[in-house]
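Asker: Heads up: the sequence lines are chains G and Y, in that order. Residue numbers for the first sequence follow full-length UniProt numbering, so the first one is 1 and each next one is one higher. Residue numbers for the second sequence follow full-length UniProt numbering, so the first one is 1 and each next one is one higher.
If you're looking for bench data, these hints aren't it; they were derived computationally from the structure. These figures come from a predicted structure and were not determined experimentally. Among the hints, a few may not be true.
Given that identical chains are not distinguished, each listed pair holds provided it fits within a single copy or across any two copies.
[Unchecked claim] Restricting the straight-line Cα-Cα distance to at most 20 Å, the calculated cross-link-like pairs of lysine to any residue (SDA-like) are:
#1 419 / 296
#2 125 / 326
#3 51 / 258
#4 125 / 392
#5 419 / 324
#6 2 / 331
#7 432 / 406
#8 125 / 389
#9 2 / 338
#10 2 / 340
#11 2 / 330
2 protein chains.
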Amino acid sequence: MKPIQVGLIGLGTVGAGTFNVLQRNQAEIRGRAGRGIEIAMVAARNAERAKAYQAIVGDAVPCTGDAQQLVNNPAIDIVVELIGGIEPARTLVLQAIANGKHVVTANKALLALHGSEIFAAAREKGVTVAFEAAVAGGIPIIKALREGLTANRIEWIAGIINGTTNFILSEMRGKGLDFATVLKEAQRLGYAEADPTFDIEGVDAAHKLTLMSAIAFGVPVQFDKAHVEGISSLQATDIKYAEQLGYRIKLLGITRRRDNGIELRVHPTLIPASRLIANVEGAMNAVVVQADAVGTTLYYGKGAGAEPTASAVVADLVDVTRLATADPDHRVPHLAFQPDAISNTPVLGMDEVQTAFYLRLVVADQPGVLSRITTILAESDISIDAVLQRESADGERQTDLIILTHDTVEGRMNNALAKMQALSTVLAPIVKLRKEELA
Amino acid sequence: MKPIQVGLIGLGTVGAGTFNVLQRNQAEIRGRAGRGIEIAMVAARNAERAKAYQAIVGDAVPCTGDAQQLVNNPAIDIVVELIGGIEPARTLVLQAIANGKHVVTANKALLALHGSEIFAAAREKGVTVAFEAAVAGGIPIIKALREGLTANRIEWIAGIINGTTNFILSEMRGKGLDFATVLKEAQRLGYAEADPTFDIEGVDAAHKLTLMSAIAFGVPVQFDKAHVEGISSLQATDIKYAEQLGYRIKLLGITRRRDNGIELRVHPTLIPASRLIANVEGAMNAVVVQADAVGTTLYYGKGAGAEPTASAVVADLVDVTRLATADPDHRVPHLAFQPDAISNTPVLGMDEVQTAFYLRLVVADQPGVLSRITTILAESDISIDAVLQRESADGERQTDLIILTHDTVEGRMNNALAKMQALSTVLAPIVKLRKEELA
């Protein structure tokens with residue numbers, strides 16, 4: 001059978017990785033797919049860049065500075081979009097779909113924001129938009145959720161899905177350094193970008209979480225409902241206290257099904273140090289899935305980088321190649337559930353989210369302080385799991401008070417916090433972090 | 001569309017789990033598969049058992065004591081075989097295939113021994129034999145290897161794929177107990193069977209490893225070539241020494257591609273305590289896959305039990321349901337590679353396997369002993385990674401000498417061991433364990 005023809009938009013890190021993997025492993029890939037997979041054309045953002053690409057891919061593969069030429073090329077069966085960002089990616093993807101081409105993309109931002117539009121267009125044209133590479137790089141987590149766990153009612157997902165922040169948190173804990181210092185080091189080593197905002201503020205993780213939440217629970221992608229909180233204000237002190245209490249702090253993306261809706265949130269989270277995921281260090285990713293039949297499963301690997309991401313892109317190419325001839329109704333649905341089975345379960349606001357809390361209060365070292373604070377918690381019906389009060393050194397007038405609570409609704413906790421903050425014996429803004437047992 | 005009709009052979013632990021999961025999650029499963037999945041008939045091994053099953057499944061589903069009736073029932077689309085063992089499972093599966101039915105099975109022994117025959121028959125009839133449940137219970141590792149990592153040249157797989165033995169090893173290490181004591185406890189708790197031979201001697205793990213090796217490397221299933229070694233002769237002393245050196249001992253199934261062939265071996269293995277897989281405790285399973293593009297990935301979850309295994313059975317049912325109408329040439333091949341891409345790379349004998357070693361020698365406490373032993377190793381071109389010599393107590397005439405080596409070929413190590421064993425200062429049989437860095 002004639003090799004399937006692929007058009008590659010973008011030959012940056014992941015694009016070049018994809019090109020290399022397809023070249024190097026072409027025999028193995030053909031042996032699995034039953035058909036060759038060939039790059040027929042490469043598109044760059046302009047003519048100059050196209051010339052640079054031409055030098056990389058050799059003369060046999062035409063490179064163009066006009067991606068329109070690629071998405072309109074009738075010889076191309078599958079368009080691989082690896083330029084990232086919203087535009088022109090969105091327009092090119094929609095145009096490829098309109099031309100009846102399958103699409104493979106690593107673009108989490110595009111799908112988290114415009115997934116509904118894109119998947120609807122693809123459904124109408126009977127083509128597939130595959131996006132394994134959009135979440136957790138080379139870990140086949142989309143496949144696991146969408147195909148591997150189809151027997152299950154999924155209860156929750158918690159993932160370390162941003163390597164930059166996990167690297168930073170690992171270094172902060174391992175070396176006792178503060179955020180700003182480690183960020184600079186991460187930038188020097190290439191683990192963080194020059195403008196690291198999307199990573200360190202949790203936006204990248206929230207894009208990925210939004211996609212996982214949709215396929216786990218059968219709801220539309222709705223990034224605008226996600227709670228997004230990064231690690232830039234996390235203090236080394238709290239990492240140290242957490243450790244003393246038996247916890248590690250990780251930036252987790254958490255989505256959980258509750259009776260009244262779905263939680264969708266990214267924030268620094270205390271988790272027991274004994275959990276496997278607490279021991280995922282450096283730039284690695286891991287996703288824990290809790291589901292009713294299978295129980296807990298965990299998926300671990302490299303969440304970024306040229307070839308790990310290319311591994312996911314090529315897996316999608318093989319899937320699409322295999323199924324290009326299958327009746328569209330018999331393919332795996334984009335969002336795991338058939339369109340008529342997508343539910344409108346609401347995403348809960350943070351006030352309604354249930355979780356446990358870590359609180360750090362700087363309090364005056366005088367009698368009655370702990371009593372007043374615990375009274376506020378008791379009156380709010382929030383129960384305490386553990387208290388750690390640092391012994392104050394001689395002559396010190398203030399001390400740190402750490403409280404771990406049991407699960408409560410966040411709105412209630414915020415009301416109690418406002419009352420505590422108003423106490424004259426509470427001397428600084430209270431640090432509030434969320435805590436999950438993940439069991 | 002009419003629900004797909006499933007015949008279930010066996011309603012033991014996994015069969016009942018499958019029945020329950022299909023009932024409980026039928027709405028979610030239909031929402032994903034786009035079509036209902038219905039148990040149309042259940043078969044037991046005899047009429048009496050069929051009567052007991054009838055009470056469980058209710059009157060709507062006929063139960064028969066004659067499985068022939070089920071595999072010959074023209075109303076049934078998919079046969080699920082959950083009775084285990086070789087016969088009558090083999091005959092029933094082949095008959096179902098001959099009747100043009102798809103088969104889903106959790107039977108690792110059957111496929112490891114008779115997979116070539118069964119897959120060939122299925123290919124000829126254009127039906128699918130799905131076996132996610134045969135390896136590592138609910139962890140979707142077959143899907144990950146066969147579809148998630150298609151871009152890669154897989155280099156090696158190392159897995160904790162038997163929960164019984166991992167439970168026993170965890171307890172031996174955690175409580176410092178010996179094998180026999182912990183085995184009794186495991187039997188009392190239901191983690192080990194009354195006749196635990198298949199588990200503790202590594203046979204069950206070798207069945208699963210054989211299947212993973214075939215789909216990773218594109219070779220036929222060949223259980224007869226596997227090296228199978230269990231944990232029944234493992235001593236608490238060696239677990240303790242390993243820990244002092246920074247290692248844990250796990251029963252691993254390891255398959256690795258070498259230039260001259262494929263390693264296929266199950267044995268107790270020292271691995272660095274810092275590896276994620278070293279921290280997989282109790283009856284849990286985990287599989288590490290090393291591949292050229294994606295790097296290291298790990299998959300973790302429950303490897304046995306009613307609903308975790310049912311999770312895999314039902315995932316296969318959904319896959320088969322979805323693709324029942326697709327051209328057989330476009331389905332995922334049974335052994336990951338297309339039949340004409342299956343290679344005849346040989347499985348290496350243990351003498352040719354490369355690994356590092358842990359040796360424990362009981363030696364006379366006198367001058368020159370260490371020198372004689374290290375000379376034998378040096379003459380055999382085996383280099384030493386670490387030595388630990390226990391200080392002998394006053395009056396003791398013997399001491400333990402622990403040696404960690406670098407990688408070598410096992411045949412060479414065995415020759416060296418024979419020379420050491422012949423020394424008059426070596427007072428007991430030498431303990432030899434294999435060691436892998438898994439990096």
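Asker: It remains to establish, for every hint, whether it holds in the given structure.
Answerer: Hint by hint, here is what the structure shows:
no.	hint	verdict
1	419 / 296	neither (38 Å within a copy, 49 Å between copies)
2	125 / 326	both (14 Å within a copy, 19 Å between copies)
3	51 / 258	neither (53 Å within a copy, 40 Å between copies)
4	125 / 392	neither (69 Å within a copy, 78 Å between copies)
5	419 / 324	neither (61 Å within a copy, 62 Å between copies)
6	2 / 331	between (22 Å within a copy, 18 Å between copies)
7	432 / 406	within (14 Å within a copy, 49 Å between copies)
8	125 / 389	neither (63 Å within a copy, 71 Å between copies)
9	2 / 338	between (32 Å within a copy, 16 Å between copies)
10	2 / 340	between (36 Å within a copy, 17 Å between copies)
11	2 / 330	between (23 Å within a copy, 14 Å between copies)
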